Amino acid sequence: DAGVIQSPRHEVTEMGQEVTLRCKPISGHDYLFWYRQTMMRGLELLIYFNNNVPIDDSGMPEDRFSAKMPNASFSTLKIQPSEPRDSAVYFCASSLVVGFTRDTGELFFGEGSRLTVL
Amino acid sequence: DAKTTQPPSMDCAEGRAANLPCNHSTISGNEYVYWYRQIHSQGPQYIIHGLKNNETNEMASLIITEDRKSSTLILPHATLRDTAVYYCIVRDSGGGADGLTFGKGTHLIIQP
Numbered sequence: 001d002a003g004v005i006q007s008p009r010h011e012v013t014e015m016g017q018e019v020t021l022r023c024k025p026i027s028g029h030d031y032l033f034w035y036r037q038t039m040m041r042g043l044e045l046l047i048y049f050n051n052n053v054p055i056d057d058s059g060m061p062e063d064r065f066s067a068k069m070p071n072a073s074f075s076t077l078k079i080q081p082s083e084p085r086d087s088a089v090y091f092c093a094s095s096l097v098v099g100f101t102r103d104t105g106e107l108f109f110g111e112g113s114r115l116t117v118l
Numbered sequence: 001d002a003k004t005t006q007p008p009s010m011d012c013a014e015g016r017a018a019n020l021p022c023n024h025s026t027i028s029g030n031e032y033v034y035w036y037r038q039i040h041s042q043g044p045q046y047i048i049h050g051l052k053n054n055e056t057n058e059m060a061s062l063i064i065t066e067d068r069k070s071s072t073l074i075l076p077h078a079t080l081r082d083t084a085v086y087y088c089i090v091r092d093s094g095g096g097a098d099g100l101t102f103g104k105g106t107h108l109i110i111q112p
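As they're listed, the protein sequences go chains A and B.
Numbering-wise, the first sequence is residues 1 to 118 according to the working numbering.
Numbering-wise, the second sequence is residues 1 to 112 according to the working numbering.
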């Protein structure tokens with residue numbers, strides 16, 4: 001099992017450019033989460049999907065951020081236009097829920113995408 | 001609003017047991033206690049979780065007080081690789097998944 005795969009691992013871009021981060025969840029997982037981590041704000045949940053459908057996007061900071069999950073094996077987080085304050089590590093995570101009594105609630109995280117906006 | 005309170009940092013000598021406390025005085029009856037850790041530059045990693053009873057796995061033990069208002073994560077023989085930020089999280093596991101809300105955690109430093 002390859003785990004959650006994120007790309008790119010590092011991205012350096014200039015303010016105003018479009019940034020696309022990619023995530024491949026663990027096969028068979030029903031839930032996919034996007035988090036952002038900064039020193040100031042820690043780990044923040046941006047959005048999560050269940051069966052490819054966005055369930056809660058209340059953490060998305062503003063309209064410049066958008067996330068899609070066109071199929072069960074792929075998701076993108078797009079920032080357009082990017083700003084220096086978007087510099088952070090973006091994590092994708094996935095989980096499998098099999099029912100109340102057996103739900104371990106374990107989220108499997110990728111290694112993250114470190115974004116630097118100059 | 002933070003549901004848990006943890007000390008910002010702790011030290012522990014290598015080979016000794018590391019005991020990480022967590023207060024969750026407002027926990028409700030159907031909320032579980034989860035522990036994750038984040039080693040520098042990596043994604044968070046699940047450690048253990050529990051509802052009422054004490055739990056043990058290959059990584060750690062979780063001791064939950066009888067009133068469930070606090071818990072302790074125990075790493076029985078800490079190694080240098082256990083240096084990380086440890087997050088205590090309470091989460092309702094009522095039939096579905098939702099995103100975990102991470103607080104600031106405890107930065108555990110294992111001293112050689």
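It is worth saying that the hints were derived from the structure and are not from the lab.
Since we're looking at a predicted model, the values are computed, not measured.
Positions of the beta carbon are idealized from the N, C-alpha and C atoms, including for glycine.
Errors might be hidden in some of the hints.
[Stated by the list, open to error] Residues on chain B that point at chain A, a partial pick, calculated with CB under 8 angstroms:
hint : residue
1    : Gln42
2    : Gly43
3    : Pro44
4    : Tyr46
5    : Gly50
6    : Asn53
7    : Phe102
[Claimed, not checked] The calculated SDA-like cross-link candidates involving lysine to any residue, where the alpha carbons are at most 20 angstroms apart (straight line), are:
hint : chain 1 : residue 1 : chain 2 : residue 2
8    : A       : Lys78     : A       : Ala2
9    : B       : Lys52     : B       : Leu80
10   : A       : Lys68     : A       : Asn51
11   : B       : Lys104    : B       : Gln45
12   : B       : Lys104    : A       : Gln17
13   : B       : Lys104    : A       : Lys78
14   : B       : Lys104    : A       : Asn51
15   : A       : Lys24     : A       : Asp63
16   : B       : Lys3      : A       : Thr76
17   : A       : Lys68     : A       : Asn52
18   : A       : Lys78     : A       : Glu44
19   : B       : Lys104    : A       : Ala88
20   : A       : Lys24     : A       : Asn51
21   : B       : Lys104    : B       : Thr83
22   : B       : Lys69     : B       : Asn23
23   : B       : Lys104    : A       : Thr38
24   : A       : Lys68     : A       : Ser58
25   : B       : Lys104    : A       : Lys68
26   : B       : Lys3      : A       : Glu106
27   : B       : Lys104    : A       : Asn52
28   : B       : Lys3      : A       : Gly59
29   : B       : Lys104    : A       : Lys24
30   : B       : Lys104    : A       : Met39
31   : B       : Lys52     : A       : Glu106
32   : B       : Lys104    : B       : Asp67
33   : B       : Lys3      : A       : Gly42
34   : B       : Lys52     : B       : Tyr32
35   : A       : Lys24     : B       : Gln42
36   : A       : Lys68     : A       : Gln17
37   : B       : Lys3      : B       : Asp67
38   : B       : Lys3      : A       : Lys24
39   : A       : Lys24     : A       : Pro84
40   : B       : Lys3      : A       : Lys68
Hint-by-hint comparison with the structure:
1. Gln42: The hint holds - B:Gln42 has a Cβ within 8 angstroms of chain A, the shortest such distance being about 6 angstroms.
2. Gly43: 3 angstroms, holds
3. Pro44: 5 angstroms, holds
4. Tyr46: Holds, about 4 angstroms.
5. Gly50: Violated - the Cβ of B:Gly50 stays beyond 8 angstroms from chain A, reaching only about 11 angstroms at its closest.
6. Asn53: With a closest approach of 14 angstroms, the B:Asn53 hint is violated.
7. Phe102: With a closest approach of 4 angstroms, the B:Phe102 hint holds.
8. A:Lys78 / A:Ala2: 24 angstroms, violated
9. B:Lys52 / B:Leu80: Violated - the C-alpha atoms of B:Leu80 and B:Lys52 are around 30 angstroms apart, more than 20 angstroms.
10. A:Lys68 / A:Asn51: 12 angstroms, holds
11. B:Lys104 / B:Gln45: 15 angstroms, holds
12. B:Lys104 / A:Gln17: 31 angstroms, violated
13. B:Lys104 / A:Lys78: 26 angstroms, violated
14. B:Lys104 / A:Asn51: 30 angstroms, violated
15. A:Lys24 / A:Asp63: Judged against 20 angstroms, a Cα distance of about 24 angstroms means the pair is violated.
16. B:Lys3 / A:Thr76: Not OK: B:Lys3 and A:Thr76 at ~30 angstroms, beyond 20 angstroms, violated.
17. A:Lys68 / A:Asn52: Since the Cα atoms of A:Lys68 and A:Asn52 sit roughly 8 angstroms apart, the hinted pair holds (cutoff 20 angstroms).
18. A:Lys78 / A:Glu44: Holds, at roughly 16 angstroms.
19. B:Lys104 / A:Ala88: 16 angstroms, holds
20. A:Lys24 / A:Asn51: 14 angstroms, holds
21. B:Lys104 / B:Thr83: Holds - the C-alpha atoms of B:Thr83 and B:Lys104 are around 15 angstroms apart, at most 20 angstroms.
22. B:Lys69 / B:Asn23: Holds, at about 6 angstroms.
23. B:Lys104 / A:Thr38: OK: B:Lys104 and A:Thr38 at ~11 angstroms, within 20 angstroms.
24. A:Lys68 / A:Ser58: 15 angstroms, holds
25. B:Lys104 / A:Lys68: 28 angstroms, violated
26. B:Lys3 / A:Glu106: 19 angstroms, holds
27. B:Lys104 / A:Asn52: The given pair, whose Cα atoms are some 30 angstroms apart, is violated under the 20 angstroms limit.
28. B:Lys3 / A:Gly59: 18 angstroms, holds
29. B:Lys104 / A:Lys24: 27 angstroms, violated
30. B:Lys104 / A:Met39: 10 angstroms, holds
31. B:Lys52 / A:Glu106: 18 angstroms, holds
32. B:Lys104 / B:Asp67: 24 angstroms, violated
33. B:Lys3 / A:Gly42: With a Cα-Cα distance of about 15 angstroms, the restraint between B:Lys3 and A:Gly42 holds, given a limit of 20 angstroms.
34. B:Lys52 / B:Tyr32: Between B:Lys52 and B:Tyr32 the Cα gap is close to 8 angstroms, so the pair holds against 20 angstroms.
35. A:Lys24 / B:Gln42: Cα-Cα ~17 angstroms, so holds.
36. A:Lys68 / A:Gln17: 19 angstroms, holds
37. B:Lys3 / B:Asp67: 16 angstroms, holds
38. B:Lys3 / A:Lys24: Between B:Lys3 and A:Lys24 the Cα gap is close to 31 angstroms, so the pair fails against 20 angstroms, i.e. violated.
39. A:Lys24 / A:Pro84: 26 angstroms, violated
40. B:Lys3 / A:Lys68: Given that 20 angstroms is the threshold and the Cα spacing comes to 30 angstroms, the pair is violated.
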